[in-house]
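Engineer: So the number in this note's numbering is just where the residue sits in the sequence shown, counting from 1, plus 5.
Simulated from the structure, these hints should not be mistaken for laboratory data. Predicted, not measured: the structure shown is a model, and the values here were computed from it. Possibly wrong hints are sitting among the right ones.
[Stated by the list, open to error] Taking lysine-lysine pairs in the BS3-like style, the calculated list, with each CA pair at most 25 Å apart, reads:
{"#": "1", "residue 1": "K112", "residue 2": "K82"}
{"#": "2", "residue 1": "K122", "residue 2": "K50"}
{"#": "3", "residue 1": "K50", "residue 2": "K89"}
{"#": "4", "residue 1": "K112", "residue 2": "K89"}
{"#": "5", "residue 1": "K50", "residue 2": "K112"}
{"#": "6", "residue 1": "K17", "residue 2": "K112"}
[Claimed, not checked] Just the calculated beta-carbon pair ranges, DEER-fashion:
{"#": "7", "residue 1": "S72", "residue 2": "S117", "range": "31 to 37 Å"}
{"#": "8", "residue 1": "E54", "residue 2": "A123", "range": "29 to 35 Å"}
{"#": "9", "residue 1": "F75", "residue 2": "G26", "range": "24 to 30 Å"}
{"#": "10", "residue 1": "S147", "residue 2": "F42", "range": "37 to 43 Å"}
{"#": "11", "residue 1": "Q59", "residue 2": "R116", "range": "29 to 35 Å"}
{"#": "12", "residue 1": "F75", "residue 2": "D25", "range": "17 to 23 Å"}
{"#": "13", "residue 1": "P94", "residue 2": "G26", "range": "28 to 34 Å"}
{"#": "14", "residue 1": "S8", "residue 2": "R116", "range": "15 to 21 Å"}
{"#": "15", "residue 1": "F42", "residue 2": "R142", "range": "20 to 26 Å"}
{"#": "16", "residue 1": "S145", "residue 2": "K50", "range": "26 to 32 Å"}
{"#": "17", "residue 1": "S117", "residue 2": "G71", "range": "28 to 34 Å"}
{"#": "18", "residue 1": "K17", "residue 2": "S145", "range": "33 to 39 Å"}
Ideal Cβ placement from N, Cα and C applies to all residues, glycine included.
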Amino acid sequence: MISALGLDLGRKRIGVAGCDGTGLIATGIATIERASFAQDVEQLKQIVEERQVQVLVIGLPYSMDGSLGFQARHVQKLANRLAKALNLPMEYVDERLTSYQAEELLKAENRSPSRHKALIDRKAAALILQQWLDTRRAQSRSSAVAVEY
6 MISALGLDLG
16 RKRIGVAGCD
26 GTGLIATGIA
36 TIERASFAQD
46 VEQLKQIVEE
56 RQVQVLVIGL
66 PYSMDGSLGF
76 QARHVQKLAN
86 RLAKALNLPM
96 EYVDERLTSY
106 QAEELLKAEN
116 RSPSRHKALI
126 DRKAAALILQ
136 QWLDTRRAQS
146 RSSAVAVEY
C-alpha cells in the first residue's frame, strides 16, 4: 500500500490530508497557515516523515471549461517547488468544486463556512486525496479483471 499526502494549495493556507494504512479512506490532518516557502516546507517535511509519505496528491483548480487558468498555473509552480524540496513525486487531481463540496459538508454539520476556513481547506484536501485513492482502486480492479479473461 502507498502512503499519500493530499494537498489543497491556497494563497493563505495549505490543507493537508492523509490516508489510512489500507489506502481506502482519506482524512484531513492539518491546515498550514502559509508563512514563507521555507516554513511551509519545514511543516510539510515533518508530516511527510511522520507518515512515511511516498507521493504528493495535489488538487489542481481547472477552470470550469477544463482549461488551466491563472490559479492553476500558480498551483503548479508551487507544487513543483514543494515536490522538489520534499524530494517526492506528485500527481494532480482535478479539484474543481472540492472547496464547494467541503463548504456543503460543513453546512450539513451546522457549521459556518466563513468561521471554519482552515477546516474547509482540510476537508478539500481529504476530498482531493479520496478522489485519487478511488481512481487508483478502480484502475487496479479493472486491470485485475482484465487479467482474469
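Engineer: For every hint, state whether the structure bears it out.
Structural biologist: Against the structure, the hints come out as follows:
Taking the CA atoms of K112 and K82, the gap is about 32 Å. The hint is violated against a cut of 25 Å. Taking the CA atoms of K122 and K50, the gap is near 23 Å; set against the 25 Å cutoff, the hint holds. Our distance criterion of 25 Å between C-alpha atoms is met by K50 and K89, whose separation comes to about 12 Å. Under the criterion of a C-alpha separation no larger than 25 Å, the hint pairing K112 with K89 is inconsistent with the structure, at around 37 Å.
Restraint check for K50 and K112: the C-alpha separation of about 32 Å exceeds 25 Å, so the hint is violated. A C-alpha spacing of about 22 Å is found between K17 and K112, which places the hinted pair at or below 25 Å, so the restraint holds. Distance hint check: the CB atoms of S72 and S117 are about 33 Å apart, consistent with the given range 31 to 37 Å. For E54 and A123, the Cβ-Cβ distance of about 22 Å falls outside the hinted range of 29 to 35 Å, so the restraint is violated.
Distance hint check: the CB atoms of F75 and G26 are about 38 Å apart, inconsistent with the given range 24 to 30 Å. Between S147 and F42, the C-beta spacing of about 39 Å keeps the proposed range 37 to 43 Å intact. For the hinted restraint 29 to 35 Å between Q59 and R116, the CB-CB distance of approximately 33 Å keeps it satisfied. For F75 and D25, the hinted distance range of 17 to 23 Å is not satisfied, since their beta carbons lie about 35 Å from each other.
The given range of 28 to 34 Å is broken by P94 and G26, whose C-beta atoms sit roughly 20 Å from each other. Judged by the Cβ atoms, the range 15 to 21 Å given for S8 and R116 is violated: they are separated by roughly 29 Å. Look at F42 against R142: about 34 Å separates their beta carbons, and that is not inside 20 to 26 Å. Checked against the given bound of 26 to 32 Å, the beta carbons of S145 and K50, roughly 29 Å apart, stay inside it.
At about 32 Å, the CB distance of S117 to G71 agrees with the hint of 28 to 34 Å. A hinted range of 33 to 39 Å for the beta carbons of K17 and S145 is consistent with their spacing of about 36 Å.
The structure fails to meet hints 1, 4, 5, 8, 9, 12, 13, 14, 15 from the earlier list, while all remaining hints are met.
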